[in-house]
Amino acid sequence: DGGITQSPKYLFRKEGQNVTLSCEQNLNHDAMYWYRQDPGQGLRLIYYSQIVNDFQKGDIAEGYSVSREKKESFPLTVTSAQKNPTAFYLCACTPALTNYGYTFGSGTRLTVV
Amino acid sequence: QKEVEQNSGPLSVPEGAIASLNCTYSDRGSQSFFWYRQYSGKSPELIMFIYSNGDKEDGRFTAQLNKASQYVSLLIRDSQPSDSATYLCAVTGGYNKLIFGAGTRLAVHP
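The listed protein sequences derive, respectively, from chains A and B.
Under my numbering, the very last position in the first sequence is 113; numbers go up by exactly one each time.
Under my numbering, the very last position in the second sequence is 1110; numbers go up by exactly one each time.
Calculated from the structure, these hints are not laboratory results.
Honestly, I wouldn't trust all of these hints.
What the hints assert, rightly or not - Using 30 angstroms as the maximum straight-line C-alpha spacing, the simulated DSSO-like pairs for lysine-lysine come out as follows: (1) K1002(B) <-> K57(A); (2) K14(A) <-> K1042(B); (3) K1002(B) <-> K1042(B); (4) K1067(B) <-> K14(A); (5) K1002(B) <-> K1067(B); (6) K1056(B) <-> K57(A); (7) K9(A) <-> K1042(B); (8) K1042(B) <-> K70(A); (9) K57(A) <-> K70(A); (10) K57(A) <-> K14(A); (11) K83(A) <-> K1042(B); (12) K71(A) <-> K1056(B); (13) K1067(B) <-> K71(A).
Take these sequences, add in the hints, and give me the full structure.
Rendered as structure tokens:
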């Protein structure tokens, strides 16, 4: 079955540590997105990528980095520069030339300990 | 700053009633509009999308779009306790990016 997979489901980060969240899709979608959701708030865009080897900053990119070396994969690194990383992280994808809505992964809940 | 506004709720309706969820957006250039349902601790799932002014019906759900008023709504008929969730409105913001509202929490009580 086609889908989009995020891992891990839960992640704990120590102060000053970098962590990487995985996002893999087998839907053959060109565009991929990372969003962050805080309690009681909407989704805020971190980074997005329309094609391999190209990506753009979203509204809250500071303290995050991404790569897009393969069409299927769009990992997100939360660096130590992100001062308040505790949140629910959602990866999504969609075909590039149409927009019938995103397909979301199941999310990663990141907690700083 | 492009914005999408929703009443945070909770919107409480009795089982079997019609739930009406509303959303306004700031960017007149937005072309596509989406409603997602999100259960607590889960990722959003797409309920409906609408591109043209007017109504679009799918089962118990009806999306309504008024571009002149920059207003989108979602009606849920015959509301069930399983409809209790947060409903997110989203609009396109260029490059297939979606801009999300903060969501309206719906509570359907027996």
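Against the structure, the hints:
A distance of roughly 16 angstroms separates the Cα atoms of K1002(B) and K57(A); the hinted pair therefore holds under the 30 angstroms criterion. As the CA atoms of K14(A) and K1042(B) are separated by approximately 24 angstroms, the hinted pair is consistent with the 30 angstroms bound. For the hint linking K1002(B) to K1042(B), the alpha-carbon distance of about 26 angstroms falls within 30 angstroms, and the restraint holds. Straight-line distance between C-alpha atoms of K1067(B) and K14(A) comes to about 47 angstroms, which puts the hinted pair past the 30 angstroms bound.
As the CA atoms of K1002(B) and K1067(B) are separated by approximately 15 angstroms, the hinted pair is consistent with the 30 angstroms bound. Distance check on the hinted pair: K1056(B) and K57(A) sit about 34 angstroms apart at the alpha-carbon level, beyond 30 angstroms; violated. At most 30 angstroms may separate the alpha-carbon atoms for a hinted pair to count; K9(A) and K1042(B) meet this at roughly 11 angstroms. Of the supplied pair hints, the one linking K1042(B) and K70(A) holds, its CA atoms being roughly 27 angstroms apart against a limit of 30 angstroms.
Taken as a hint, the K57(A) and K70(A) pair is honoured in the structure, with Cα atoms around 18 angstroms apart against an allowance of 30 angstroms. Note on K57(A) and K14(A): the hinted pairing holds, with a Cα-Cα distance of about 25 angstroms set against a maximum of 30 angstroms. For the hint pairing K83(A) with K1042(B), the CA-to-CA distance comes to about 25 angstroms; that is within 30 angstroms, so the pair holds. Between K71(A) and K1056(B), the direct Cα distance comes to roughly 34 angstroms. Violation of the 30 angstroms bound is thereby established for this hinted pair.
Between K1067(B) and K71(A), the direct Cα distance comes to roughly 35 angstroms. Violation of the 30 angstroms bound is thereby established for this hinted pair.
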